[in-house]
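Novice: Sequence:
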Amino acid sequence: MPTAPLDAKVLDGEPGRLGTLVRAALPVVPGINQLPGVRKGSARDFAGLSYRREQVEAERAGVDAYAAVCGFPRRDTVPLTYPHMLAFPLHMAIMGDPSFPYPAIGMVHVENTITAHCAIGVGEALDVTTAVGAPRPHARGVLLDFVTTVSADGETTWESTSTYLRRGRSIEGEVTPGLEVPDPPTGGIEWRLPADLGRTYASASGDANPIHLYPLTAKALGFPRQIAHGMWTKARSVAAIENRLPDAVTVAVAFRKPVFLPGTVAFAARSDDTGWTFALTSPKDGSPHLLGRTTSP
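Each residue of the sequence shown is one higher than the one before, starting from 1 at the first, in this note's numbering.
I should point out that these hints are in silico values taken from the structure, not numbers from a laboratory.
Some clues are possibly wrong.
So the derived label-pair ranges between C-beta atoms look like this [claimed, not checked]:
id, residue 1, residue 2, range
1, E190, D64, 23 to 31 Å
2, G286, Q55, 44 to 52 Å
3, V108, A47, 21 to 29 Å
4, G222, G71, 28 to 36 Å
5, G187, T77, 29 to 37 Å
6, D153, A195, 37 to 45 Å
7, R75, S203, 30 to 38 Å
8, K219, L245, 32 to 40 Å
9, R140, D285, 22 to 30 Å
10, T77, T161, 16 to 24 Å
11, R44, D64, 42 to 50 Å
None of these values were measured; they are calculated from a predicted model.
From the three backbone atoms N, C-alpha and C, an ideal C-beta is built for every residue, glycine too.
Build the full structure now, drawing on both the sequences and the hints.
Specialist: Given below as structure tokens:
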């Protein structure tokens with residue numbers, strides 16, 4: 001996995017949401033995508049990139065808004081998945097960097113693994129670094145691993161790897177298998193998801209990708225209507241079992257089938273000697289939207 005180089009670029013503050021969307025869209029606009037500062041570098045020459053945010057506070061208002069939309073209780077520690085919100089501006093900064101060879105639009109989040117080493121307190125000041133290395137091969141294109149490290153007072157408290165698929169031409173190398181969850185649980189409790197869930201989550205998270213907002217914006221990018229955020233499906237699943245998880249835990253998920261909004265999904269979980277396995281599926285045919293498992297770090 002890539003690690004943050006010493007010359008990681010420091011991102012001051014948090015990118016404006018409108019500006020982030022504009023920067024994400026420019027590299028796919030013919031003509032404009034050839035302008036200096038917009039034109040993307042060569043995938044063949046890309047070796048890695050890192051961005052950093054320093055002394056970012058997990059503010060109470062933001063934590064509470066996130067917890068409410070994802071189903072976590074209000075506590076003095078942040079939800080297990082919350083630090084991803086602090087890293088998301090770094091993901092976007094990397095994707096918007098001219099040296100990153102792929103446009104942000106079209107990047108598909110296929111897997112996410114989080115390792116929490118200890119609880120993080122609300123109001124705690126954190127250093128957040130995200131690094132991405134060279135692409136690796138996939139049967140349908142290339143994969144890029146965005147590795148985030150969160151630290152407090154020099155100690156690593158939280159880590160994650162978000163793996164994105166870029167469809168298209170692949171590269172040479174061995175294709176490695178993704179996350180496997182054998183014999184996932186089925187059935188379970190049904191959750192009815194409202195049409196505005198994507199907008200509510202976007203307000204709390206800052207992830208205002210158009211595919212999550214309205215039918216019109218989703219159709220413009222190839223979806224029949226808006227879909228739920230993948231990281232919301234992970235957060236909501238973790239919230240359903242978080243009172244049975246230790247402070248130090250690894251939670252890995254694979255995002256499979258989009259969840260269209262409004263819609264209904266079924267959540268099921270099962271524990272064994274190694275941890276929990278869980279799944280978010282379609283009540284109609286049992287096809288998986290998300291498969292996950294927890295282990296000790």
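Novice: All hints, please: hold or fail.
Specialist: Hints, one by one, checked against the model:
1. One distance hint, 23 to 31 Å for the beta-carbon pair E190 and D64, holds here, with the actual separation near 26 Å.
2. Separation of G286 from Q55 is about 46 Å and conforms to the stated range, judged on CB atoms against 44 to 52 Å.
3. Between V108 and A47 the C-beta distance comes to about 23 Å, which sits within the given range of 21 to 29 Å.
4. As the Cβ distance of G222 to G71 is approximately 29 Å, the hint placing it in 28 to 36 Å holds.
5. Judged by the Cβ atoms, the range 29 to 37 Å given for G187 and T77 holds: they are separated by roughly 31 Å.
6. Against the hinted window of 37 to 45 Å, the Cβ-Cβ separation of D153 and A195 comes to about 43 Å, which satisfies the hint.
7. Distance hint for R75 and S203: a CB-CB separation of about 21 Å, inconsistent with the stated range 30 to 38 Å.
8. Taking 32 to 40 Å as the suggested C-beta distance range, the pair K219 and L245 conforms, at roughly 38 Å.
9. Against the hinted window of 22 to 30 Å, the Cβ-Cβ separation of R140 and D285 comes to about 23 Å, which satisfies the hint.
10. Between T77 and T161 the Cβ separation comes to about 22 Å, which falls inside the hinted range of 16 to 24 Å.
11. Distance hint for R44 and D64: a CB-CB separation of about 46 Å, consistent with the stated range 42 to 50 Å.
The structure is inconsistent with hint 7 alone, although it conforms to all the rest.
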